[in-house]
Amino acid sequence: MAPVDLGSGTGETLLEVTGLGKRFGGFVALDGIDLTIARGERLGLIGPNGSGKSTLVNCLCGTLHNETGTVIFAGKPLNGLIAHERTRMGLARSFQLPKPFHSMNLIDNIRIPLLYTVNARPGHHMTDAAIAERCEELLTHVNLADKARRRPRDLTQVEMRKLELARAVATQPTLLFADEAMAGLSHSEIEEILAVLMRLNEEGITIVLIEHIMSAVMSFSTRLMVLVAGHKIADGPPQEAIRNPEVERAYLGE
Amino acid sequence: MRNGTFWLVIGAVGLAFIVLTRLFLTNEYFYFAGYVVIEYIVLSTAWNILGGYTGYTNFGTGAFFASGAYSSAVLHKLPALVHSTFGVTMMPIPLPVMILVGGIVSGAMGLGTGYLTLRLRGVFFAIATLALSIVVQTLIVNWDFVGGSRGIYIIRPALAPISGGYIQYLFTLMTILAVIAVGIARSIERSRLGLGLASIRDDELAAEASGVPTLRLKLVATTISGALMGMAGAPLPYYVTYLDPASSFNLAYAVNSVAMPVIGGMTSWIGPVIGSILLGTIQQVATVTISSALNLLIVGVLLILFVIIAPNGIVGLVRSWRRKRDF
Amino acid sequence: MFSLFVNAIVAGVLLGGFYAAVSVGVTISFGMLDIANIAQPAFILLGCYAAYMTNLHFGLDPIVTGIVMTPAFFVLGMAVYRLYYYAFERRGDQAIQGLAFFFGLLFVGEVSLVLIFGVDYRFVSASYIGPSLHFGFIELPLRMLLPCIFSLIMVGLLQLYLSRSFIGRAILAVSQDGVALQLMAASPTKIKQIAVGISIATCSVAGSFLIIIQPVEPSIGRDYIGRIFAICVLGGMTSMPGMLIAAMLIGVVESLTATFYGPSWSPAVAFGFLLIALAVRPAGLMGR
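Protein chains in written order, with this note's numbering: chain A, 25 to 278; chain B, 3 to 329; chain C, 8 to 295.
Fair warning: there could be bad hints in the mix.
[Claimed, not checked] Not the full set, but computed from the structure, chain B residues with beta-carbon under 10 angstroms of chain A: (1) Pro96; (2) Asp146; (3) Leu207; (4) Ile292; (5) Pro313.
[Unchecked claim] Listing some non-contacts, in silico: residues in chain A with all C-beta distances to chain B over 10 angstroms: (6) Gly99; (7) Ser127; (8) His149; (9) Arg158.
Just so you know, these hints were derived from the structure itself, not from any lab. Beta carbons are placed, not taken as given, at the ideal position from N, Cα and C, and that holds for glycine.
For reference, chain A alone in the conformation it holds in the complex (with noise of 0.2 angstroms):
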């Protein structure tokens, strides 16, 4: 499947969402979810914790199954795909938790993704070599390449976070979903995960980044989506959507 061509002008919509909902049994964790994003966003997507961020990024990657809406990616549906799928036509994310492959060392780690999805694009085709030198380039940009032949149980909570970014990125996506990328880091951790982000939205891929830490959230994000129990509640320019009385009332009560 290849990533989506997208011509070259910014401000199309890359990813529509149509009303989507799912369940659990009889929690309903998303209801009736529409959202749209223009290609070269830096979208935020805040909401309480159990308001079903994460349950929506699962859904629209595809890792879980949304039971009602449309999803169209550059004008494609995604409806029936499974994930392996949409992550070659270039949707990519990270995992809120990093799921490092263990058992390899972190070269490996970003071979996984150069092999299995750009390798598998029509017309792309890296050699052994091409690959090899991605891999080590991948690492550098996020300040890894000292520890390239290390297995991930060696790494920090930082450094693995890199690495789960980095292992996103190589998929070379058009969409990244940046999944609470940054919990329980230091301030500078937080920087230095933010200036990777801002980096690779400059180089063109479009962000949306999960996150509770809202001083990242607002100096990073162009729009600001809230959820609150599965309900979208605000969705506009993040000075707005903060003074929205509903955001505050879901994040101060009543």
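Guided by the hints, dock chains B and C onto chain A, whose structure is given.
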């Protein structure tokens, strides 16, 4: 070591083994016992492709192994059936062909079982393989053409295609199969497929999110694993000359094919080889001295102990000992 | 013909009641707590042989033995969980090793029984093995009726316990969310230990029922793996009423198959159900 070189090396080792044993070993018992040990090399290596490389446990080795054995039994009786039904004389089917057929039958069974259960979590696949063994046994028990529960007598051909006794011929074939199995296992290990399987083992969700087509790869592993087990079972009727469900579905096959890779080490091709040579030889010696049930009990206890204390097997122990030494 | 059909269904229902007792332990350990104890049949067989020994040497009624031995089995279950926790759960998700562990237990259990008791069929004698109740042409063998009734009582008691008692509700809570329980300062490990203890304790009783219904020998445990997990999965994993219905269903179909096609096909029935059960489950890796 490059893969091509590896094939040459194990091919040479296998050839040397066959030739040297033929030249110097005349004791028939060695060939009988050796056959079983080498059979286990094939079974453990096959099991490990799905178990150690991919992380999916198969408890139903018996089903795949016995399917290979019984497909040979069917092919063995085919000429007589064809003759009595159509009056046409058909050549007896050569054993290598039976081995291929056994591989196809068991490979298809692996594919089918996988297709039905691999979309779910690994534990359901494991449970399904346990039940599969019982079901295939039930089918065989109810199938009169292959003797049902009474079993079937298989008469070995009078002459072996190579000089020497028939048992030496079986031994030779099994050695070749072992070389092929080990070669395939290592090729997979070093290939793109092997890396993909390892990613599935390490974290299936992350693998899928990285673009790995997990279901497809799992099906490939299950089919290859099942096929190799079926090929190992195909010569069995000629080895035992009396084939019946009780012995071909013997739980020993299921336990050993799990215990040998676990004890040897699941992450590399060499683990199953070590485990099967070690455990297989011990069991062959023990069967003579102690009862076969006690023998199996020891295997079961060893499995439990290793799984708790040394989950990476002997290979894992050697590796960590080496690491400690380097500090 | 009709009476044969009806009696097959009746026998199936009685069998189903017994199958519920056999499966309730796995519903707790696997359905609720995600511990794939495939060694459950080994513990059931242990219960069979315990009942056999006391019946042989002391003339004790098997059901009495089954009930009396539950504390011992409970302790055994807790010990098994401790070992499992220490070796596997603590280290994180090592699925294959955990499964191999239980498989090893199942195997060691069967082989040990072979070594101690041999492969001959063993049976118990009791006053209710043999006679049947008759209602018209319907026959209710007492050796099936009594285990069925006691099984239903046991399942009912367990359901009450799980839904009313503190520990029972804690078990249900752990099955939903172990983290939430930790926040309530109750230890999920202790709760799981008790739950697995209960799960194995049911084997004492279920085993005594089994040897009343039919003579046993060590390898019949393998037939039960498919049945137990088919019933658990088909019943929805965590639901006792669901499990009961699934048990009845499998019991009836097995009975009909045995009556009209021969008993040698029974194991295939359970497997067929297992496949169907796995097929109709909510799809996907993240489902339970």
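#### Entry: Hint check, Pro96/B versus chain A [nearest Cβ-Cβ separation less than 10 angstroms]
Violated. Min distance 41 angstroms.
#### Entry: When the least beta-carbon distance from Asp146/B to chain A is tested against 10 angstroms, hint result
violated (45 angstroms)
### Query
Does the interface hint hold: is Leu207/B within less than 10 angstroms of chain A, judged Cβ to Cβ?
holds (6 angstroms)
#### Entry: Given as non-interface: His149/A, partner chain B, CB spacing beyond 10 angstroms
holds (12 angstroms)
### Task
Closer than 10 angstroms between Cβ atoms is the bar; does Ile292/B clear it against chain A? Give me holds or violated.
violated (38 angstroms)
### Query
Is Arg158/A truly not at the interface, in the sense that its beta carbon sits beyond 10 angstroms from all beta carbons of chain B?
holds (14 angstroms)
#### Entry: Interface restraint verdict for Pro313/B against chain A (beta-carbon cut-off 10 angstroms)
violated (13 angstroms)
### Query
Was Gly99/A rightly flagged as not at the interface, with every chain B Cβ beyond 10 angstroms?
holds (21 angstroms)
#### Entry: Non-interface claim for Ser127/A versus chain B (Cβ beyond 10 angstroms)
Non-interface label fails for Ser127/A: nearest chain B Cβ at 5 angstroms, not farther than 10 angstroms.
Hints 1, 2, 4, 5, 7, counting from the list given before, are not met by this structure.
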